[in-house]
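Asker: For reference, the chains in residue letters:
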Amino acid sequence: MTTKIRVATTSLAGCFGCHMSFLDIDERMLQLVELVEFDRSPITDIEHCTNCDIGLIEGGVCNSENVHVLREFRKNCKILVAVGACAINGGLPAMRNFISLEECLNEAYIDGIGVENAQIPSDPELPLLLDKVRPIHEVVKIDYFLPGCPPSADVFWKFLTDLIEGREPSLSYELVHYD
Amino acid sequence: MNTFIHDLIEINRYQPNHLLHILRAVQAHYHYIPKAAIEQIADLLAISRTQIISVIEFYSFFHLTPQGQYEILISDSITDHLLGKHELAAYLEEQLNLKIGEVRADGLVSLANTSCTGLCDQGPAGLVNGHALPRLNKPKIDQITALINQQTPLEAWPQELFQVDDNLIKSDLLLSAPITQGEALQSAFKRGLKETLNELDISGLRGRGGAGFKTATKWKFCSEELNDERIVVCNADEGEPGTFKDRVLLNSYAHQVYEGMTLCAAIIGAQKGFLYLRGEYLHLYEKLEAILAERRQAGLLGLNIINTDFNFDIEICLGAGAYICGEESALIESLEGKMGVPRNRPPYPVTHGYLGKPTVVNNVETFLAAASIAVNGGDWFASIGTDKSKGTKILSICGDCAQPGIYEYPFGTDIQTILDDCGASDVLGVQIGGPSGTFISNKEFSRQLAFEDLATGGSFIVFNEQRNILDIVNNFTHFFAHESCGFCTPCRVGTSLLKNQLDKIVDGHGSAGDVVALEELCQIVKKQSHCGLGQTAANPILTTLERYPELYQAQLKKISYEPGFDLDGALETARRLAKRDDAAAHLAQVEE
Amino acid sequence: MSKTITIDGQIIPFEEGQTIMEAATEAGVYIPHLCHNPEFTPHGSCKLCTVNVNGRTCSACTFPAMEGQQILNDAKDINEDRKKITQMLFVEGNHFCPSCEKTGNCQLQAVAYHLNMLDDHFPLFYPHREMDASHAEVLIDHNRCIFCTLCVRASQQKDGKDVFAISGRGINKHLIVNAESGLLKDSELKATDQAAHVCPTGAILIKRTGYQIPIGERIYDHTQIDQVSLNSENLQHDN
Ligand SMILES: Cc1cc2nc3c(=O)[nH]c(=O)nc-3n(C[C@H](O)[C@H](O)[C@H](O)COP(=O)(O)O)c2cc1C
Ligand code: SF4
Ligand code: SF4
Ligand code: SF4
Ligand code: FES
Ligand code: FES
Chain Z
0 MTTKIRVATT
10 SLAGCFGCHM
20 SFLDIDERML
30 QLVELVEFDR
40 SPITDIEHCT
50 NCDIGLIEGG
60 VCNSENVHVL
70 REFRKNCKIL
80 VAVGACAING
90 GLPAMRNFIS
100 LEECLNEAYI
110 DGIGVENAQI
120 PSDPELPLLL
130 DKVRPIHEVV
140 KIDYFLPGCP
150 PSADVFWKFL
160 TDLIEGREPS
170 LSYELVHYD
Chain B
0 MNTFIHDLIE
10 INRYQPNHLL
20 HILRAVQAHY
30 HYIPKAAIEQ
40 IADLLAISRT
50 QIISVIEFYS
60 FFHLTPQGQY
70 EILISDSITD
80 HLLGKHELAA
90 YLEEQLNLKI
100 GEVRADGLVS
110 LANTSCTGLC
120 DQGPAGLVNG
130 HALPRLNKPK
140 IDQITALINQ
150 QTPLEAWPQE
160 LFQVDDNLIK
170 SDLLLSAPIT
180 QGEALQSAFK
190 RGLKETLNEL
200 DISGLRGRGG
210 AGFKTATKWK
220 FCSEELNDER
230 IVVCNADEGE
240 PGTFKDRVLL
250 NSYAHQVYEG
260 MTLCAAIIGA
270 QKGFLYLRGE
280 YLHLYEKLEA
290 ILAERRQAGL
300 LGLNIINTDF
310 NFDIEICLGA
320 GAYICGEESA
330 LIESLEGKMG
340 VPRNRPPYPV
350 THGYLGKPTV
360 VNNVETFLAA
370 ASIAVNGGDW
380 FASIGTDKSK
390 GTKILSICGD
400 CAQPGIYEYP
410 FGTDIQTILD
420 DCGASDVLGV
430 QIGGPSGTFI
440 SNKEFSRQLA
450 FEDLATGGSF
460 IVFNEQRNIL
470 DIVNNFTHFF
480 AHESCGFCTP
490 CRVGTSLLKN
500 QLDKIVDGHG
510 SAGDVVALEE
520 LCQIVKKQSH
530 CGLGQTAANP
540 ILTTLERYPE
550 LYQAQLKKIS
560 YEPGFDLDGA
570 LETARRLAKR
580 DDAAAHLAQV
590 EE
Chain C
0 MSKTITIDGQ
10 IIPFEEGQTI
20 MEAATEAGVY
30 IPHLCHNPEF
40 TPHGSCKLCT
50 VNVNGRTCSA
60 CTFPAMEGQQ
70 ILNDAKDINE
80 DRKKITQMLF
90 VEGNHFCPSC
100 EKTGNCQLQA
110 VAYHLNMLDD
120 HFPLFYPHRE
130 MDASHAEVLI
140 DHNRCIFCTL
150 CVRASQQKDG
160 KDVFAISGRG
170 INKHLIVNAE
180 SGLLKDSELK
190 ATDQAAHVCP
200 TGAILIKRTG
210 YQIPIGERIY
220 DHTQIDQVSL
230 NSENLQHDN
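Protein chains in written order, with numbering that gives the first Met the number 0: chain Z, 0 to 178; chain B, 0 to 591; chain C, 0 to 238.
The hints are simulated quantities; they were obtained by calculation from the structure and are not laboratory data. Keep in mind the model is a prediction, meaning the values are calculated, not measured. Every residue, glycine too, gets a C-beta built ideally from N, C-alpha and C. Treat the hints with caution; some may be incorrect.
Claimed, not checked - Residues of chain B clear of chain Z, computed beta-carbon distances all greater than 10 Å: (1) Asn-1; (2) Ser-47; (3) Gln-149; (4) Ile-305; (5) His-351; (6) Phe-444; (7) Leu-570.
To be verified - If you want the footprint, here are the derived chain B segments under chain C, 3+ residues with CB under 8 Å: (8) 131 to 144; (9) 523 to 537.
Throw the hints in and build the complete structure from the sequences for me.
Answerer: Quick look at the structure:
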């Protein structure tokens, strides 16, 4: 038996919508697990990614932890894929880019209605926010992009089966959506 | 305000075409264009306020928000950098107590960068309320600071602050033997206008503004258009960094330039002419008006010129800070009182130009040469130069050389000869034709000045071995992004992308794929842009990438990718607000 | 004998005075475009319609058809350039399709789908742009404006008004509204004006109509813009 293709997935500044959509490949998942095994992913409990063939990244980069995770993926995955609108252009989380980070934090922790014990958290355990949410291709090199919010289950299926079967991945008109 | 604007509009005869004149006057008076003025002008000229706002926001010298009573602009061109602009600008900021891009709190003075002011042979240069300030240095800055703080009116500033020199160093065919007033017109009428056009054809004269279109052909096409009105336009926008020969021609040979325009009008059958003078040459304006008056007096302009039934007059139109207005169709838009956005072509100006009328647009030097040819004949001119490039070319030489200034050379002269003449040694390379032209290395100095080899509108910038090529390219690339008119996507977005991508590489954040990405972007901007600006905006990168690929590669880190923005800097706000500075509160730019 | 041009090997007749775009559209050949709309004078600014005419790059929407022209349109390298130009339009503005009412009906998005654009390729600008929601029925979201000037032209040429203009230079270009306050509510714009409906993107929207047709059933969700465009533009032409 040939070794299975190792796939890792993660969600940065995303909503897990892309992961949900991935799981929507439904019964085809059974076919897929014949061919792939999952490394670090919300659907396994592996905490750090080791050598993988494919890394699927959902969500953009909004804080320092996202940067570390993304780098870990880049280091360990032969092919890194930006999955979904947020990973590709920041998506909804990037709407905060038009408000300064200072205003955002003040609104959330200081001036917002119902805020008690107003102060901006300073616990060193917490990741710090970047001044802007960025698409992942502005932080590491990305090999493929799967647009959609989220990309449909068929997109994941088509893309992964193309790769697994050694074809250059391509998406037909029906599969390309930004919404 | 009411009566000021009202009078102004009246002087301009309620003509919407005069919008630039009007806005220049309002800006000079209030140091911005107040909202109420916009409403009043719109009302009196019966144009929409949006047209006025769009014009204000297009030209660098107009402002919607108040500038200082003394508006100081400092030239940010590469030649000013070579002459110590950075240090001087810092000194100026310190003395005036304000930063570039700001208006001082007391409203007295504002400071900003501006594109090349055409004083490259006598920089670092600046402008105060539009008036040229050449050869700036620290003592002059002290003097200027004092004059401003004492609120001395500009008219009372010492004249030597404004003294612009010709620096005419080498004359040949044209500059050594200027014609006398009226001589070209006399000759042309005597010979016959058709015959004179034929002489122009024989001379082989090609446009001196850049593209090198045959002048006689242009005039002929225009004269053949069926229309009872035709227009002659002299392009004195001279915005290409490093070019200042038209400034000198207009300062010392204006009669001959006007005569060339009048000759053109006689030949094509035009009654109206414009001199489109770049706003930076305001210092020439009064003199040029006076010469027009003199020529009217002498029967060389106006009705019945040299006692024939030929009528023609010239109006001077001042620009307001936009390099793109040198492009002929953008220039015509600007003459019509609009944003300087290049038109779709065809139709070309020779068929549909100013107000849709057949229009000849030529460079200052082209008109000057045409006037000489009318006097001396076509063969006189054609006997000099190369097969495809007849006659001489007037260069403005600046940068690292002992004697910057104006030099006239027969076409076909090699670059080394020119470098020897201007006292340039230890040369790294020469930028020929300005940023939109070509950078040649010191292995190419046997190449020739000619349309078929190294074409130039006049710009010739010398760089010595101490200069950093990437600094030069960076300055030029920023220039184009600043001057893009924004009409078409590839140039509007592409020049900004080029600027950012080059900055990334120059600042040392480039990695493996970044030069390839840069080159790919260059190609698309060059190929897909609407006009000559976008089509040449990538030339500084492309011509140096071709010659010094290793220079670009050396900037790259040996890693697969590096972010184009400052990662750790992006955490700065969060660090400050969380009052943290621990190790986890920082990010390395690239993974260790 | 009528005059002809050749596009990708196909011989196409044209009438004197027609642009390449007009001749192509009539013959059922799609040339990608955004700032062109057959109802208005061509503008030539977006450069999506770039074609190769006898070896030269030209904008099909403004360049006249001339006897014997050999034109390349649906070629790989040209479509690659068009994709890059489309990506430029995406990164210079703020296009978050998932939260845009126009999604599925947007021509910018549809051209991007047509060109199989999967990412933005370039770094995003994230410019600061405003919304103008002052008007009772019409909304401007400047984040999505691509400066095609269709609203400007529609207002001038069809509505007999002059509500919109493009102002500024270079990357600072922006849409302005003809009102002393600069606000749409104080302009002459009515929701029934052509200018309120012509925007190819989600920059000008009629309020409270955005979700009448569910996402997934919209114009370009299943039909490519080449078909949609040829059908509607030839229909306009026949009327
Ligand atoms: C961006 C741009 C700037 C230009 N600037 C000038 C200029 O300052 N002076 C000039 O004579 N021609 C300039 N040109 C060239 C003009 O469009 C035009 O070709 C020229 O004025 C024709 O005159 P000529 O035939 O005498 O050269 C420029 C062209 C472009 C594309
Ligand atoms: S190439 Fe640049 S300057 Fe020329 S029309 Fe396009 S945007 Fe304007
Ligand atoms: S205007 Fe079009 S491309 Fe832009 S966000 Fe809306 S749907 Fe997407
Ligand atoms: S608002 Fe729409 S129609 Fe108007 S210029 Fe912008 S994109 Fe074009
Ligand atoms: S998290 Fe999937 S598109 Fe936003
Ligand atoms: S469609 Fe031709 S340039 Fe926009």
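Asker: Work down the list of hints and note, for each, if the structure agrees.
Answerer: Hints, one by one, checked against the model:
1. Asn-1: Since the minimum Cβ distance to chain Z is about 40 Å, Asn-1/B lies beyond 10 Å and the statement holds.
2. Ser-47: About 30 Å separates Ser-47/B from the closest Cβ of chain Z, which puts it past 10 Å; holds.
3. Gln-149: It holds; Gln-149/B is separated from chain Z by about 41 Å at its closest Cβ, greater than 10 Å.
4. Ile-305: About 66 Å separates Ile-305/B from the closest Cβ of chain Z, which puts it past 10 Å; holds.
5. His-351: It holds; His-351/B is separated from chain Z by about 42 Å at its closest Cβ, greater than 10 Å.
6. Phe-444: The claim stands: Phe-444/B keeps its Cβ more than 10 Å from every Cβ of chain Z (closest is about 42 Å).
7. Leu-570: Violated, because the least Cβ-Cβ distance between Leu-570/B and chain Z comes to about 5 Å, which does not exceed 10 Å.
8. 131 to 144: Per the Cβ count (0), the hint is violated.
9. 523 to 537: holds (count 5)
Comparing the model with each numbered hint stated earlier shows that hints 7 and 8 do not hold.
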